Structure formats: C-alpha cells, structure tokens
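Engineer: If you're matching them up, the sequences are chains E and S in order. For the first sequence, counting from 1, position 162 maps to 162 in this note's numbering; every step adds exactly one. Here this note's numbering runs 1000 ahead of the position in the second sequence, where the first position is 1.
You may find that some hints are simply not true.
[Stated by the list, open to error] Some residues of chain S that are not near chain E, with every Cβ distance over 12 Å (derived):
| hint | residue |
| --- | --- |
| 1 | Asp1045 |
| 2 | Phe1065 |
| 3 | Asn1070 |
| 4 | Val1126 |
| 5 | Tyr1164 |
| 6 | Leu1192 |
| 7 | Asp1201 |
| 8 | His1297 |
| 9 | Ser1333 |
| 10 | Trp1409 |
| 11 | Thr1413 |
| 12 | Pro1415 |
| 13 | Leu1425 |
[What the hints assert, rightly or not] Label-pair distances were calculated between CB atoms; the ranges are:
| hint | chain 1 | residue 1 | chain 2 | residue 2 | range |
| --- | --- | --- | --- | --- | --- |
| 14 | S | Lys1055 | E | Ala32 | 41 to 51 Å |
| 15 | S | His1208 | E | Phe25 | 48 to 58 Å |
| 16 | S | His1318 | E | Arg14 | 42 to 52 Å |
| 17 | S | Gly1449 | E | Leu21 | 50 to 60 Å |
| 18 | S | Lys1055 | E | Arg14 | 24 to 34 Å |
| 19 | S | Arg1325 | E | Phe25 | 52 to 62 Å |
| 20 | E | Ala32 | S | Asp1073 | 45 to 55 Å |
| 21 | S | Ile1010 | E | Arg14 | 29 to 39 Å |
| 22 | S | Pro1243 | E | Leu41 | 38 to 48 Å |
| 23 | E | Gly77 | S | Lys1328 | 20 to 30 Å |
[Said to hold, decoys possible] Below, in silico cross-link-like pairs of lysine to any residue (SDA-like), each with a Cα-Cα straight-line distance of 25 Å or less:
| hint | chain 1 | residue 1 | chain 2 | residue 2 |
| --- | --- | --- | --- | --- |
| 24 | E | Lys159 | S | Ser1333 |
| 25 | S | Lys1055 | E | Lys29 |
| 26 | S | Lys1428 | E | Ala59 |
| 27 | S | Lys1055 | E | Lys159 |
| 28 | S | Lys1061 | E | Pro51 |
| 29 | S | Lys1328 | E | Phe18 |
| 30 | E | Lys29 | S | Met1319 |
| 31 | S | Lys1346 | S | Tyr1367 |
| 32 | E | Lys29 | S | Lys1428 |
| 33 | S | Lys1346 | E | Ser45 |
| 34 | S | Lys1326 | E | Phe18 |
Derived from the structure by calculation, the hints contain no laboratory data. Keep in mind the model is a prediction, meaning the values are calculated, not measured. Virtual Cβ for every residue (Gly too), placed ideally from N, Cα, C.
Spelled out, the chains give:
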Amino acid sequence: MRVIRQRPMNWVERLYIFECLRGLFTTIKHAARGLFRYETLPTISYPEGQPEIRNTYRAKHRLMLRPDGTPRCVACGMCAAACPAHCIFIEATQSDDPRIEKRVMRFDIDHLTCVFCGLCVEACPVDALRMDTKKISFMHRNREDFVAHLDDLVEWDPKDYPDDEQSQVAPGGTKNAEARKVWGMEVK
Amino acid sequence: MDIIESKTWIEWVITIAKFAFCFVPVLYILLLIPMERRGAGFMQDRQGPNRSYIKIPYFGKIRLFGYVQNMCDGTKLFFKEQFAPSGVNKILFRVAPAIPFAIVFLSPCVIPWFGPMVFEWGGQTVRIAGSIVDSDVGVLLLFGFSSLSAFGAVLAGWASKSKYSFLGALRTSAMTISYEVCLGLSLMGLLLLVGSFNLTDIVYWQEHHVWGIVAQPVAFFCFLIASIAETGRAPFDVAEGEPELVAGYHTEYGAMQFGLFYMGEYSHICINSFLIATLFLGGYSVPFVTTETMQAHMGGSLAVLCGILAFLGLAFLHMIYRYSRKLKATTLSNRFEILREYSLYKIVAWVAVAVFVILGVAAWFFYNPANFVVNGVAVGSLATAIGTALIHLLVLVVKSVFFCWVWIWVRWTLPRFRYDHVMHLGWKIILNIALINLVVTAVIAKLVGGN
C-alpha cells in the first residue's frame, strides 16, 4: 500500500490569509479571461456551434461502395456476430456479379440499441462498414426511424471524405473513373 | 407647523426625493444576480447563463449578455405556487421571509449618499444632509437593523418544523450574533479616531484626513471578514451547508418565499458593501479631491466625470468590436443574429459616448458658477449642489460595487469553513485582533492626538 504523506504546512500557509489571497488571485485571473477573452472559453454553444470531431470518432455507420455503386458488403454476417448489442440485422441474397457469391438485401442497424463500440467495423473482412461519418446527433420523431436501413447507410457523399482514398473510389469520387475501369474490365 | 414653515419648498422636495434611496438595495439585486452568475461562470471557465432572449419583432433576439435569464428566473419564482408543508406554524412560516426583505428598506436610511448639499435658495442658505435620516447614532442604527435579519432565519427555521431548517436556524443565529460582536469591536478604533457615530462625520473625517483603510487596515480586514460572515455567504455559509443541512433555514420554502430570502441576502450584501465603502473607503468622497475643491471647479469636475464615462463607453465599444470580429470568424450558425444584436449595442454606445463628450466639453467651457464661502463651507447654486451630489453618488456606487464583487469573488474562491472553525475564527482570532487593534489605536491616539 502506498501512503501519500502530506507535506506539513509552514507558518505562512497556516496563517491561511495569504493562501486565501493566492486563491483569490487565481480566480480573478480566470474571471478576467472570461471577461476580456470570452472566445477562448472552452464551452461550445452547442446547437449553433458544432464540436470538432475526428474521423476516428465512432459516430453513425456507413457502408462503403464499390466503383459501380453497389455496397461492398458481402453479407458474411461477421459484424452481426461481433455485435455485443445485437443491433445489426442482415439478410443475404444471390449476387448479380459472377465474381461475388452474395450481396446484402437488408442491412439494418438499430441505433437505439447500438452501443457504438466499433466491433462491427473491426470484424468486417472487406472493410465495408465504417463509423467515420461524424454524425453524432440522432433526432427522429418515432422509434422506427432510429433504425438505419441499407439505403440510408449507403447514402454518403465522397466529397465529405476528401482524404480517404477508399471513399473516392465510390461513384462521384475523384478516383471513381480509373477504379471503374479496373473493376469493369474484369467483369465483362 | 413651525418646522414645516421654516423650510423652503425645495428642501421638502429634496428631503422627500431622498426616500428613493431606500430602493437602492433592491436595485442592486438586479445588478448582483447577473454579476454573481456570470462572474461565477467566468471564474470556473464557464460562460454562465447566456441563452435566454427576448424576441423583438422585425429585429431579432436580444440577449443583453445573458441578463434576460434573471428576468426569466424572477418571473418563474413569482408565478410559482406558494407551498407550505403540513405541520408548519402557518403565520410564522408566512411572515419569516418578509423580515429580511423588509429590513432592506430600513437600512439605507442612515447611509450618506452624498455630501451635505449646501446651496443658496431664496436669499437663504439651505443645508440638506446626504442621508435620509442624519442620525447621530447612524452606525449603531445600521447594526441594529442588519442584526434584525437574523429574526427571519430563526423564525423560518423554527416555523418550518424540519430538523434541517431548525439546525440551520440555530447555526445562523449563533454565527450572526457572534460576528456582530466582531463587527462592532473592529469598528471601534475608527470611531475613536473620528469621535462620532454619525456616518456623515466619519466620511467627512476621512475626506480631510486619510481613508479608514489606511488609518485602520487591521480593522478593515476584521470588519470585512465579519461582515461576510454576517451575511451568511461562503465561506461562512455553514447555515446552508448543503452536504449537512440541505439548504439550511429555507429548506422548506419555494417560489417567491424563497425568492424573498434570496433577495434579502443580496440586499444584505449591498448594505454591507455600502457600509464598508462608507466606513473604510471614504464613502462618497472623491479620492484626492475635497468637496470644496470640486465645487470651486464644478465645470471641470463634471467634465472629468463625463470623460470617465465616455472612456468606459469606448472601452465597452472596444470589447464589442473585438468580440464581433472574433465571432465573425467562427462557424456558429447564429452568429449573424448575435452580430445584429451587437450592432444595436454599438449604436447605443456610440450615442452615449457622443453625448458624454458633448456634455463634458460644454461643462468645461460654459459652466463656471460662482461660489462663495459662508462659515467655511462653499455655498453655490442648486445646480452646483446637485452636480456635487451626483458625483458623490456615483463615486459611492463604484466603491460599493467593488465590494459587492469582493463578496462574489470570495464566495467562488474559498471553500466552506467547518462550523467549529467558524466559531473559533470569530471568537478566538478576529475578536482578539479587534480588541488589540482597539487598544493600540487608543494608546496611539492618546499619545499623538493628545485628546
């Protein structure tokens, strides 16, 4: 056991009044900061001002897209298996692409149950699921709307992820044309 | 009828008008609550309440730097249901909150708000005291009034039939009474030097010798600590110590009954700040300038006053412009709304600055009234007297606002004392220091002054 012994106070500290004055000086410094440098206060006036969120922050999910616009998900069910909150529901179906076995027909994430642990993202073998949308507020009128469906999850704009090469591969991205060439040549 | 006929009508008008000063502590509540809440926020690196607004049609939202919040809180308290738990003593429970608040209107009577107005009217020299009641026992009267507010706490605690309230009331009464002793004793040194209980005389003495804080620094500290303790604010708010006693004597109160306690506390702070400013900081007297000098150069004094006000306006404008620039650079979605509100403040402040500058220049060049001295007192016109009174009042207000800030500052800095420490500090330390100070002052006054 570690015992932390406090240093005994010297006589100036025991007089208390000088320590009081020191404390008062500290608080007046902070008060002056609030008064004269109001914008440096760490508070964000929330609905009007948004906090700055890193792209590693685990926010709302999105499904990555192939160059032709289909979701990258192969409906393996690893994310649903990894999910500790059991909030992912996947239904698979036959893929139109002969190179790919399955595609996802239904992909629902219940954000009322989700704990935002990020295990689904870790589990995904094809890097189809990500949580870097930076959307942190979920506001809906009823409970059903909190369930994100497939069309909701694939609806994102590559322009919002300019530094991410994988996102630029999707339709509308800067690297879509060449990626499509590579992808399409092998199909036909 | 003799008394009434011996006075001119202007004396009566001013004497009655002085009763308006009774409402000063109530007005100070309006100043103190935002000062406390925003000040506390700033000290803790928060912003404080700043979200409430008034919506002006065709203009936008007016936030008044968060001042609107206090109107909202007041309105809410005012319209809430007044609730009394079963088993309380109905009459005392209702009466108790009114006591501290009613005393607020009595206490300002003896404080000198400005120097005695002496002026020429209708061929005779008129002298009007600066306080509502120019009493020779002014200080004692004030102490008497302010200790009456303990009754409110005691009655509230007893009538509530709640153990928390009761213990809080016991603590309040014990603490208020013990610190009353320190309060009175620490003041005695100054009263010894002045030789009068009259507050006007005390201010007059300070104006012509030195301020009380220079003559009696030890007494000033004792008095400050004792008066903080007497108002029952942190770090001496053991009566409301929330870890032990919920909220002390006003645990069972809600709505405006609680509001009255709250307002009573703030008014008590206001009265005590005025008292400290009067006793130790020269009261209404302007630093380094005597009233006679000021009246001899009335135009110049008014010009300096207007200059200071214009400077404050410019400082406010600088802060507004600076913050507007910073706000424009942010991505707040409501920044244009706020900037629109600030543009209104800019217009108001520029107009105020212009008015002050014009008034100051006009006073400097065109207002040089003749004064003559009667029995060593400068006697001028009514306008000079009112100008002097105005300057005096503003100076007193500035000094008292500073002490109000000290109250808030101390509250949000120091941790609460334990109850036995409070008693130890009061009876064994401050009382002894005050007594020693009194003895030393008496000896020195006898040796030096020889009276």
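Engineer: Evaluate each hint against the coordinates.
Structural biologist: Comparing the hints with the structure gives:
{"no.": "1", "hint": "Asp1045", "in the structure": "violated (6 Å)"}
{"no.": "2", "hint": "Phe1065", "in the structure": "violated (10 Å)"}
{"no.": "3", "hint": "Asn1070", "in the structure": "holds (18 Å)"}
{"no.": "4", "hint": "Val1126", "in the structure": "holds (44 Å)"}
{"no.": "5", "hint": "Tyr1164", "in the structure": "holds (29 Å)"}
{"no.": "6", "hint": "Leu1192", "in the structure": "holds (25 Å)"}
{"no.": "7", "hint": "Asp1201", "in the structure": "holds (31 Å)"}
{"no.": "8", "hint": "His1297", "in the structure": "holds (34 Å)"}
{"no.": "9", "hint": "Ser1333", "in the structure": "violated (5 Å)"}
{"no.": "10", "hint": "Trp1409", "in the structure": "violated (6 Å)"}
{"no.": "11", "hint": "Thr1413", "in the structure": "violated (4 Å)"}
{"no.": "12", "hint": "Pro1415", "in the structure": "violated (9 Å)"}
{"no.": "13", "hint": "Leu1425", "in the structure": "violated (9 Å)"}
{"no.": "14", "hint": "Lys1055(S) / Ala32(E): 41 to 51 Å", "in the structure": "violated (33 Å)"}
{"no.": "15", "hint": "His1208(S) / Phe25(E): 48 to 58 Å", "in the structure": "violated (34 Å)"}
{"no.": "16", "hint": "His1318(S) / Arg14(E): 42 to 52 Å", "in the structure": "holds (44 Å)"}
{"no.": "17", "hint": "Gly1449(S) / Leu21(E): 50 to 60 Å", "in the structure": "violated (32 Å)"}
{"no.": "18", "hint": "Lys1055(S) / Arg14(E): 24 to 34 Å", "in the structure": "violated (56 Å)"}
{"no.": "19", "hint": "Arg1325(S) / Phe25(E): 52 to 62 Å", "in the structure": "violated (30 Å)"}
{"no.": "20", "hint": "Ala32(E) / Asp1073(S): 45 to 55 Å", "in the structure": "violated (26 Å)"}
{"no.": "21", "hint": "Ile1010(S) / Arg14(E): 29 to 39 Å", "in the structure": "violated (60 Å)"}
{"no.": "22", "hint": "Pro1243(S) / Leu41(E): 38 to 48 Å", "in the structure": "violated (29 Å)"}
{"no.": "23", "hint": "Gly77(E) / Lys1328(S): 20 to 30 Å", "in the structure": "violated (51 Å)"}
{"no.": "24", "hint": "Lys159(E) / Ser1333(S)", "in the structure": "holds (22 Å)"}
{"no.": "25", "hint": "Lys1055(S) / Lys29(E)", "in the structure": "violated (34 Å)"}
{"no.": "26", "hint": "Lys1428(S) / Ala59(E)", "in the structure": "violated (61 Å)"}
{"no.": "27", "hint": "Lys1055(S) / Lys159(E)", "in the structure": "violated (38 Å)"}
{"no.": "28", "hint": "Lys1061(S) / Pro51(E)", "in the structure": "holds (24 Å)"}
{"no.": "29", "hint": "Lys1328(S) / Phe18(E)", "in the structure": "violated (43 Å)"}
{"no.": "30", "hint": "Lys29(E) / Met1319(S)", "in the structure": "holds (18 Å)"}
{"no.": "31", "hint": "Lys1346(S) / Tyr1367(S)", "in the structure": "violated (30 Å)"}
{"no.": "32", "hint": "Lys29(E) / Lys1428(S)", "in the structure": "violated (33 Å)"}
{"no.": "33", "hint": "Lys1346(S) / Ser45(E)", "in the structure": "holds (23 Å)"}
{"no.": "34", "hint": "Lys1326(S) / Phe18(E)", "in the structure": "violated (38 Å)"}
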